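Visitor: Number 57 in my numbering belongs to position 57 of the sequence shown; there are no gaps in the numbering.
These are calculated hints, taken from the structure and not from any lab test. Only a predicted model underlies this, so the values are computations on that prediction, with no experimental measurement involved. All residues carry an ideal CB built from backbone N, CA and C; glycine is no exception. Zero decoy hints are in this set.
Label-pair restraints from in silico Cβ distances:
#1 Pro44 / Val181: 26 to 32 angstroms
#2 Ser244 / Asp107: 33 to 39 angstroms
#3 Arg192 / Gln251: 15 to 21 angstroms
#4 Ser215 / Ser36: 41 to 47 angstroms
#5 Thr27 / Phe157: 21 to 27 angstroms
#6 Pro202 / Arg29: 28 to 34 angstroms
#7 Leu189 / Pro73: 37 to 43 angstroms
#8 Arg99 / Glu245: 30 to 36 angstroms
#9 Cys209 / Thr150: 47 to 53 angstroms
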Amino acid sequence: IVLRVLDSSKVQVSLDSLGFTPEVLRTWRDLIRLPSGVILVTGPTGSGKTTTLYGSLHEINIPEANISTLEDPVEYKLPRVQQVQVNPRTNMTFAAGLRALLRQDPDIIMVGEIRDLETADMAIRAAHTGHLVFSTLHTNEAASTVVRLTHMGVEPFMIAGSVRAILAQRLLRRLCRSCRVEEKTDPALLRRLVGAEEDAGPFYSARGCDHCRQSGYFGRVGVYELMVISEPLRQKMIDNVGLSEIRAAAQAEGMITLRDDAIAKARKGVTSLDEVSRVAMVSS
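Generate coordinates for the entire structure from the input sequences, incorporating the hints supplied.
Guide: Written as C-alpha cells, this is what we have:
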C-alpha cells in the first residue's frame, strides 16, 4: 500500500519560500498577473509543480478574480476558488470539465494536467478568448514542452500565439546546515557538472547528524528554468524548429537552465553536487 499524505497547513505556501532566484521570481510574478494566455509548469512526478501552481494562485486570489480549477484529485482547498475534481468514469475529463467551466466565464483557470490534444486545444482556445490558463505537463525541460505539444497534434502557430511562459522545475534535497561539511570535489565530477576541474567553491557534502536523522539533508528546495516566450522564440515555434534550436535561442536570451540554477545553489551550500548530479542534469 502506498499512501500520499497531504498537509493542509502547506496550502498557503509563499512563492518566496520555494527557491526562486530574485530575478526569476520577479518575472514569474509579472507573468501570473497577465490578463490572458497559457502558463505551463513542467517536470516529473513529485517535482513540486502543484505547490508552485497553488502558491501562484494564492498570490493572485483576490476577491475580484473569478478563479476555477480542474484537478485530479483536488489536493488542497483554496478559499474563494471553485475547485472541480475530474472523474473519467463519469465522463468528467479535463477537456469536458474545461468546456463546462468556460461557460461560467472565469478569469483564471488551472487545469491540473494537459494529457491529450483535446485538453490542449481547449486550454489554448480559452487563452485566445481572454482567460489566463495555468497547467502542467511531464517533460524534462522547458524547451521540450513545445515539442511535446506539437507531438500531441497542436499546431505550432497555436502554441506560439497562446503560451506565454514555460517553467521547468525539480526538487533538490537541502543540505542539513547543522552538519554539512566542505568537500574537495572530484575533478571528474566538476568537469561533468561545471565544465572545469578547478572552479570557485567551496562546495559542501552531506554528513549526517541527529538533527537530520543521519541523512545529511533537511527539507527540499526547488530549482527552476523559466522560458519566457519572446517574439523571436514565438517565430521559431511557428517555423517548427527542433528542440536544440529552441533551447539555444532561449539560453541566448538569458534563460537560466535547471543545471545552472542547481549548481548556483550548490555553490551557496544549499545542496550538494551529488544531489545536482542525481536530479538536475538534463540537456542544456
